[in-house]
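**Student:** One-letter residues, chain by chain:
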Amino acid sequence: KQEVTQIPAALSVPEGENLVLNCSFTDSAIYNLQWFRQDPGKGLTSLLLIQSSQREQTSGRLNASLDKSSGRSTLYIAASQPGDSATYLCAVTNKLIFGTGTLLAVQP
Amino acid sequence: SQTIHQWPATLVQPVGSPLSLECTVEGTSNPNLYWYRQAAGRGLQLLFYSVGIGQISSEVPQNLSASRPQDRQFILSSKKLLLSDSGFYLCAWSVPEKLFFGSGTQLSVL
Chain L
11 KQEVTQIPAA LSVPEGENLV LNCSFTDSAI YNLQWFRQDP GKGLTSLLLI QSSQREQTSG
71 RLNASLDKSS GRSTLYIAAS QPGDSATYLC AVTNKLIFGT GTLLAVQP
Chain B
135 SQTIHQWPAT LVQPVGSPLS LECTVEGTSN PNLYWYRQAA GRGLQLLFYS VGIGQISSEV
195 PQNLSASRPQ DRQFILSSKK LLLSDSGFYL CAWSVPEKLF FGSGTQLSVL
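One line per chain: the protein sequences are L and B, in this order. Going by this note's numbering, 89 is the number at position 79 of the first sequence; the sequence numbering is gapless. Going by this note's numbering, 165 is the number at position 31 of the second sequence; the sequence numbering is gapless.
Calculated directly from the structure, the hints in this document are not laboratory data. Keep in mind it's a predicted model, so treat the numbers as computed, not measured. Just so you know, not all the hints are guaranteed correct.
[As the list claims (entries may be wrong)] Looking from chain L toward chain B, a few residues come up when the C-beta cut is under 10 Å (computed):
| no. | residue |
| --- | --- |
| 1 | V14 |
| 2 | N42 |
| 3 | G53 |
| 4 | L54 |
| 5 | L106 |
| 6 | G109 |
Glycine included, each C-beta is placed from N, C-alpha and C at the ideal position.
Extracted from the complex, chain B is given alone in its bound form (with noise of 0.2 Å):
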């Protein structure tokens, strides 16, 4: 069965430090893959999406960027965070068109 994986589930980081996050997926073979982010109060805000291997698509002007070294891997990065980089961010893969959500990371920059 398919599974995905997120990681870390929480994290805390200073203004202007790096940021990874990482997802992958398991069971499953050429997935679309998306980050979400999830601002306290309001509804996901879809970041990336990437329909194969080195493939991203960036949904808004943002602080952040994502790359997909393997077809099962999907990373959020950022050089330096910003105060209004806080929220929950969510993964999620798709094949074909139904969505399935990672356990998410609750990510407080201070």
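In isolation and in its complexed conformation, chain L is listed as follows (with noise of 0.2 Å):
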């Protein structure tokens, strides 16, 4: 059975900073492995997709990457701003599980 966790649960850094987001999970038959970021009371925002044939993507400030061998995936946020933010999800889509989320707060 397919578990994904995230560590750690809740973050919190000064603006400016650098910080990386961690999921792993326990079924390395994986498809993709999808990033989310979710604001109170919203629903979700995709924010970077990596296939099971990728090791990594980018966009913008942020790189995901992806070692199946390991079950491991992480997000790095560049240059952290108090926009950013949010609850950060990870999900092994072709499985549809979640994991809990990390709450991530930028301090101005």
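Dock chain to chain to rebuild the complex, using the hints, since each chain is given by itself in its own frame.
**Tutor:** Given below as structure tokens:
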């Protein structure tokens, strides 16, 4: 049974810091891994999708990596801004299993 | 471009009352459709998914049901709401394997 875990559950950083969010999964037989952002009381916004054949994807200040063999994905946020404050979720999309998320607060 | 509409945004219902949440997708055909629930402080739980009209798969036994009367319409229902049905309900679609979410419905059962 696939399980997805995100560490840390919550993170607070000062503005401008680079940070890494972690996502681990127990079954390496995945199709894709997708990172989402969720603002309070809102739906999920897709940030990055990494296909199983890829090792990383980049969009602006965001970089997501995927290591299937170790069952890990990381989301790197460069030069964090207060507007980055949100909950970040990863999901193994073929199994539709989500992690519980990391609540990020970027302090101005 | 594809868009997903979900309504209402918020809903307060008494215990024992019925429920109907609707989700429609535009700009695509034959999408896979999903209903998720997010309880306070917890992750997203997949409730139902549908790969076509009239085809519904349930992931967990519960007080809820789902229907897909049209290709791009997905409805979540209950005949009698329970307190434990409170949560944030999200509709999503995928084609293929990438998920897109609606804006969600905050349901409070009192």
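**Student:** Now, for every hint given, state plainly whether the structure supports it.
**Tutor:** Hints, one by one, checked against the model:
{"no.": "1", "hint": "V14", "result": "holds (8 Å)"}
{"no.": "2", "hint": "N42", "result": "holds (5 Å)"}
{"no.": "3", "hint": "G53", "result": "holds (4 Å)"}
{"no.": "4", "hint": "L54", "result": "holds (4 Å)"}
{"no.": "5", "hint": "L106", "result": "holds (5 Å)"}
{"no.": "6", "hint": "G109", "result": "holds (6 Å)"}
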